[in-house]
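Asker: Chains as they are written, first to last, in my numbering: chain A, 1 to 110; chain B, 1 to 268; chain C, 1 to 147.
Be a bit skeptical, because a hint or two may be false.
[What the hints assert, rightly or not] Once the Cα atoms are required to be at most 30 Å apart in a straight line, the calculated BS3-like pairs of lysine-lysine come out as:
id : chain 1 : residue 1 : chain 2 : residue 2
1  : B       : K245      : B       : K104
2  : B       : K218      : A       : K2
3  : C       : K110      : B       : K86
4  : A       : K2        : B       : K86
5  : B       : K191      : B       : K245
6  : C       : K77       : B       : K218
7  : B       : K152      : C       : K110
8  : C       : K18       : A       : K85
9  : B       : K86       : B       : K113
10 : B       : K152      : B       : K257
[As the list claims (entries may be wrong)] Ranges of calculated distance between the beta carbons of each label pair, as one might list FRET restraints:
id : chain 1 : residue 1 : chain 2 : residue 2 : range
11 : B       : T48       : C       : Y114      : 32 to 40 Å
12 : B       : M57       : C       : V135      : 27 to 35 Å
13 : C       : W28       : B       : T84       : 33 to 41 Å
14 : B       : N69       : A       : Y104      : 35 to 43 Å
15 : A       : I25       : B       : M57       : 38 to 46 Å
[Said to hold, decoys possible] Partner residues are not named here, just some residues of chain B that face chain C (Cβ under 10 Å, in silico):
id : residue
16 : I98
17 : V234
18 : S237
19 : I240
Keep in mind the hints are simulated off the structure, nothing from the lab.
Since we're looking at a predicted model, the values are computed, not measured.
Note that beta-carbon positions come from the ideal geometry of N, C-alpha and C, so glycine has one too.
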Amino acid sequence: MKETRLKILQYVSGIAIFIVAGFHILYSHFLKEDVTEWNSIADRAADNWWLAFYVLLLIFGLYHGLHGLRTIILEYFSISNSTVKVLDYVFIIAGLAILGYGTYIPVEAL
Amino acid sequence: MQDLNFKVQRYNPDKDNSPHMQEFTVPFKKGMSVLDGLLYIKENLDNTLAFRSSCRMGICGSCGMLINNLPRLACHTPVEELETYKIEVKSLPNYPIIKDLVPKIDVLFEKHKSVKPYLIREDNENLERPETELYQSVEQLDSFMQFSYCIKCGLCMSACPTVATDRLFLGPQPLAQGYRYCADSRDEAGKERFEIVDTPHGIWLCHMAGACSEACPKGLDPAFAIQLFKRMLVSQSLGIRKQPKSAPAIQPPKTSKPKIAVPELTVK
Amino acid sequence: MQAINSKNRNLPNNLGIKGWVWAGRYTWERYLYTLHRLTGLGLLLFITIHLGINGTRIWGASSWEDAMDILETPAFKVGEYLVVAAFIFHALNGGRLILQHMAYTLGKPKAPIYPYVDAMRQNRLLMWAVLFVIVVLAIFALVLFVI
């Protein structure tokens, strides 16, 4: 039932992104004035709650997006069932790498 | 009424590299279908035109073709319904073309077989040589009856966007028939079919474009069957599925109803 | 039964990726599927650009300011609005898809009596409601962007 479990996570992450990214867009575009100022971002990066918020958004976004991309690649290239495992590992490694990069930047650039 | 202009796709594997269109003029008769037009062409204009047809009444599923950009049964498409004098007939998409308008639909039957479209019970002996009946209430029958009307015409597979690119995808027809057997209370092999359908090229590549239901000539609604199947799979995966009781085997009634008094008509 | 022509000259006839985009006269849901896929890919592209631009922080304040200046160009402003519109569409259409994939709004199986109305067509009202909300929110976002 592996594919079903992956799809359930896709639905759950979709709803989670709607809430978290919805808040992120509203806050960044409409609620806060100088959101792209260096100091403003530095303040948020130093705050643990904001950091957790951004990392959570990245996790959900990466899972949802990479699973969608996996579906499109499976469909277009008709990857055989045995090669799908290799594709899955590629996606897991790429996802973890981007997650690491995305977490490293705000922590290190203070 | 004006004569009809038929543009028919031609492909001869011995001579052509790619298909081309050929135009014919067919006289209009009230109530005629596209199949009538093709038969007129074959009988009077060009007898090398190849196409499949059999029952000419929309029940055998042989004459599936792409008519004016929608997959339809040629016998089931009245010319007046198309509301135009120009009729374009091509071979059913997403199947290889053998000749002219004849698609090779073996892949549909293989995928259908792979989903085990038959009743499976623990006591197979009873299914082979039945001595008892399997009880099923009217509500249980209604929950899957709609999906048992499939005539295996293959139009849904032509309409599906996923089948267009992915040759390994099961397709709307096998998935809908898989649900028809999983939802049947007489069947006990639901879990086997879950394993067949829950694969990388299985049910989850269906994105509910709904084109299959649009194309189905028997009102089967395969898209609906597939979504019900997805609900079954998700509830099974989350562990919240109510395990259905299998249909019990009951003895047939011992007394038969009294026969109507019909006079003996055979000559002795 | 083997085909008579053993060289197998059957002509492949798959619609391919064109079958995703346009395959004939179909209904709204068929093309909403295509748009959902396009917006999804667009949002994925946006995430990579967004991470790349935010990654310039690691090289200090001056490279960050340069990146922010690029973002002020008109092309990027239009792109920003498109991302917001794509997000609104993908999220709300995705909500409709989740409901329908779990067969919640599709009703019960019933005997097919001509003229056939499939469950997706019965759900047309839900689709129009979702599209209406999407358009309203997209116009609202456009107004807020322009102001």
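Asker: None of the hints should be skipped; say for each whether it holds.
Answerer: Checked hints:
For a cut-off of 30 Å, the pair hint linking B:K245 to B:K104 is broken: about 40 Å separates their Cα positions. The straight-line distance between the Cα atoms of B:K218 and A:K2 is roughly 34 Å, outside the 30 Å bound, and the hint therefore fails. Only pairs whose Cα atoms come within 30 Å are accepted, and C:K110 paired with B:K86 is rejected, the gap being roughly 36 Å. At roughly 50 Å between alpha-carbon atoms, A:K2 and B:K86 are farther apart than 30 Å, so this suggested pair is violated.
A hinted pair counts as satisfied when its Cα atoms are at most 30 Å apart, and B:K191 with B:K245 qualifies at roughly 14 Å. Under the criterion of a C-alpha separation no larger than 30 Å, the hint pairing C:K77 with B:K218 is inconsistent with the structure, at around 50 Å. Our distance criterion of 30 Å between C-alpha atoms is met by B:K152 and C:K110, whose separation comes to about 20 Å. The suggested pairing of C:K18 with A:K85 holds, with an alpha-carbon distance near 28 Å, which does not exceed 30 Å.
Proposed proximity of B:K86 and B:K113 is contradicted: the alpha carbons are some 39 Å apart, above 30 Å. With a C-alpha separation of about 38 Å, the suggested pairing of B:K152 with B:K257 is violated against the 30 Å cut-off. For the pair B:T48 and C:Y114, the beta carbons lie near 36 Å from each other, so the given range of 32 to 40 Å is met. Taking 27 to 35 Å as the suggested C-beta distance range, the pair B:M57 and C:V135 does not conform, at roughly 45 Å.
At about 23 Å, the beta-carbon gap between C:W28 and B:T84 misses the expected band of 33 to 41 Å. At about 52 Å, the beta-carbon gap between B:N69 and A:Y104 misses the expected band of 35 to 43 Å. Taking 38 to 46 Å as the suggested C-beta distance range, the pair A:I25 and B:M57 does not conform, at roughly 57 Å. Hint status for B:I98: holds, given a least beta-carbon distance of 6 Å to chain C, under 10 Å.
With a least beta-carbon distance of about 7 Å to chain C, the hint placing B:V234 at the interface is held under the 10 Å criterion. Because the closest C-beta pair between B:S237 and chain C is about 12 Å apart, greater than 10 Å, the hint is violated. Of the supplied interface hints, the one on B:I240 is violated, with its beta-carbon coming no nearer than about 12 Å to a beta-carbon of chain C, more than 10 Å.
In the structure shown, a violation is registered for the earlier hints numbered 1, 2, 3, 4, 6, 9, 10, 12, 13, 14, 15, 18 and 19, in ascending order.
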